[in-house]
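J.: Okay, here's what each chain looks like letter by letter:
Number of protein chains: 2
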Amino acid sequence: MYTKLCRPVPSINFRTVTCFCKPRQLNKYYNIIARANCSASSSFLCDKNVIFVAGLGDIGLDTSKELLKRDLKNLVILDRIDKPELVCELKELNPKTKVTFMPYDVTVPIAESKKLLKKIFDKLKCVDILINGAGILDDHKIEATIAVNYTGLVNTTTAIMDFWDIRKGGPGGILCNIGSVTGFNAITQVPVYSGSKAAVVNFTRSLAKLAHITGVTAYTVNPGIIRTSLVAKFNSWLDVEPDVAELLLEHPTQSTKECAASFVKAIEKNKNGGLWFLDQGTLENIKWRKYWDPCI
Amino acid sequence: MYTKLCRPVPSINFRTVTCFCKPRQLNKYYNIIARANCSASSSFLCDKNVIFVAGLGDIGLDTSKELLKRDLKNLVILDRIDKPELVCELKELNPKTKVTFMPYDVTVPIAESKKLLKKIFDKLKCVDILINGAGILDDHKIEATIAVNYTGLVNTTTAIMDFWDIRKGGPGGILCNIGSVTGFNAITQVPVYSGSKAAVVNFTRSLAKLAHITGVTAYTVNPGIIRTSLVAKFNSWLDVEPDVAELLLEHPTQSTKECAASFVKAIEKNKNGGLWFLDQGTLENIKWRKYWDPCI
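Residue numbers (UniProt numbering), protein chains in the order written: chain Y, 1 to 296; chain U, 1 to 296.
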């Protein structure tokens, strides 16, 4: 019976298929029926519940606006600093989507992340997508760069597994991590930042390959150089190049709006293991080179 | 005159060339003459001062033994835990090399690392090579893995720049960072560890490209799977594969001795930007793929 009812749902994915196998999550089934009737049913994101870490940030804000065009059910923005005027602006963009802000610093202990996520899951019942977007670009701040860009992302991801992991009876989920092209090939003047982004890319590729065990699919969006306040001025490692920002911006870049449009397109493609390269308004799925194979 | 005297020195490198431009470092010139007369002058490592972080570890111990065959002047081993019997064993291997042990935890604040390095530089006057080898393989320990494998390596590297950076009047130096093949392509069952090693690989590639500014050349040695106590049993992320160690060891591996031999060969090649892949007793310099170019 479930299989039969599933068929009309166009955006069915790994997560929703999984949940049909688990009688305790039958309420999921009703959600899917509701989604099939969504007014913007052509959008993968219609009626979804999305958590966006750093959804008010440089890339985050325009991406949040772009997401709101897709009739999400809920957009929960977690960010370090509340910016009430921006949250108000987002709330007014689409009455179909409930926008919520909750303060969150990704460097808190993992137990704190779990507590916050529990509040969100208790309220929304299900979360479809987690976007991890917290980032620092300042190679004078070694500990902070690594703690936010890599450790914070790993901890937030690990925390949500308590609610998503199918081995714990969870429904699975979709993880969208913001990497960077510097994770492929560094901006050598910011080696600490670039290294932290290489870590994010490598980490997320693994998670995608573990989806058959955890039920959680994963991909990265990796923006090229964007004209943001983050890039306008930043410190290079040991000041090896004080003008690194200016030099970067002499070459072709993209606006946050262009990046946001590609970002949401990548989310809609919903490709497990996607390694999305977002540059100058384009979107490309990179094929990573195999240098060796652990064979397991 | 200096140029003329330089010619007979077979192992002259970026660092020693640089120091000839700086009259205040003329004592370096005498060191080089001494090295040219070294009994094992065919070895690049003869009469060198080497700091080895984690030189008593799983890979470290056999690599230390292999280094001692090269008539170093000093081998300063920094490790978290003193193992006096191992240090004694190393001291007895080659009377030409002075082996010293000093306790060091790479997770201390950078100011502590600088203090320790100052002691070493005060004593030895010059340090030729720093080997960064501290590592944890345990994906239950997220913070520790990242703090040791990446942050600790970056901090130790940043700390030694106070003494090496040619912009500060230093003589330059050679940085050898232990990465891992998991930094190229992950062992997906340990995504946190693999990500931290991807960070090391990316970070070190940048440093190599900054050598013309800092005077410090850099490369990574990236071992494949080794039969060590580290690999015999380790935790996968969220226990996605409890038998990950056993599974890995079902495939061809290498002994620590084989790895150590390749490791020291890589050091002797002294290739700035080298991305050394050490697997099953072989040594190969990997060419990293260019996915994009920041053009600066």
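Bear in mind the hints are in silico, worked out from the structure with no lab data behind them. Quick caveat: nothing in here was measured; it's all calculated off a predicted structure. Among the hints, a few may not be true.
No copy is singled out in the list; a pair is fine if it fits within one copy or between any two copies.
The calculated lysine to aspartate or glutamate pairs, modelled on EDC-like cross-linking and capped at a C-alpha distance of 16 Å, are [as the list claims (entries may be wrong)]:
| id | residue 1 | residue 2 |
| --- | --- | --- |
| 1 | K65 | E92 |
| 2 | K168 | E241 |
| 3 | K168 | D239 |
| 4 | K269 | E241 |
| 5 | K119 | E92 |
| 6 | K69 | D82 |
| 7 | K123 | E89 |
| 8 | K265 | D279 |
| 9 | K290 | D165 |
| 10 | K168 | D293 |
| 11 | K233 | D122 |
| 12 | K115 | D71 |
| 13 | K98 | D165 |
J.: Now tell me if each hint is right for this structure.
T.: Now the hints, each set against the structure:
For the identical chains of this complex, K65 and E92 are intra-copy neighbours only, at 10 Å inside a copy versus 68 Å across copies, given an alpha-carbon limit of 16 Å. Taking the closest pair of Cα atoms, K168 and E241 come within 16 Å of each other only across two copies (15 Å); inside a single copy the shortest separation is 49 Å, beyond that limit. Within a single copy, K168 and D239 get their C-alpha atoms only as close as 48 Å, which misses the 16 Å cut-off; across copies the closest is 12 Å, which meets it. For the identical chains of this complex, K269 and E241 are neighbours neither inside a copy (38 Å) nor across copies (29 Å), given an alpha-carbon limit of 16 Å.
For the identical chains of this complex, K119 and E92 are neighbours neither inside a copy (24 Å) nor across copies (61 Å), given an alpha-carbon limit of 16 Å. When the C-alpha separation of K69 and D82 is checked against a cutoff of 16 Å, the pair qualifies neither within a copy, at 22 Å, nor between copies, at 60 Å. For the identical chains of this complex, K123 and E89 are neighbours neither inside a copy (23 Å) nor across copies (62 Å), given an alpha-carbon limit of 16 Å. Within a single copy, K265 and D279 get their C-alpha atoms as close as 13 Å, which meets the 16 Å cut-off; across copies the closest is 40 Å, which misses it.
Taking the shortest Cα distances, K290 and D165 never come within 16 Å of each other, neither inside one copy (28 Å) nor across copies (35 Å). For a Cα distance limit of 16 Å, the shortest separation of K168 from D293 qualifies neither inside one copy, at 30 Å, nor across copies, at 43 Å. When the C-alpha separation of K233 and D122 is checked against a cutoff of 16 Å, the pair qualifies neither within a copy, at 41 Å, nor between copies, at 38 Å. Neither within a single protomer nor between protomers do K115 and D71 lie at most 16 Å apart by alpha-carbon distance, with minima of 28 Å and 57 Å respectively.
Taking the shortest Cα distances, K98 and D165 never come within 16 Å of each other, neither inside one copy (26 Å) nor across copies (54 Å).
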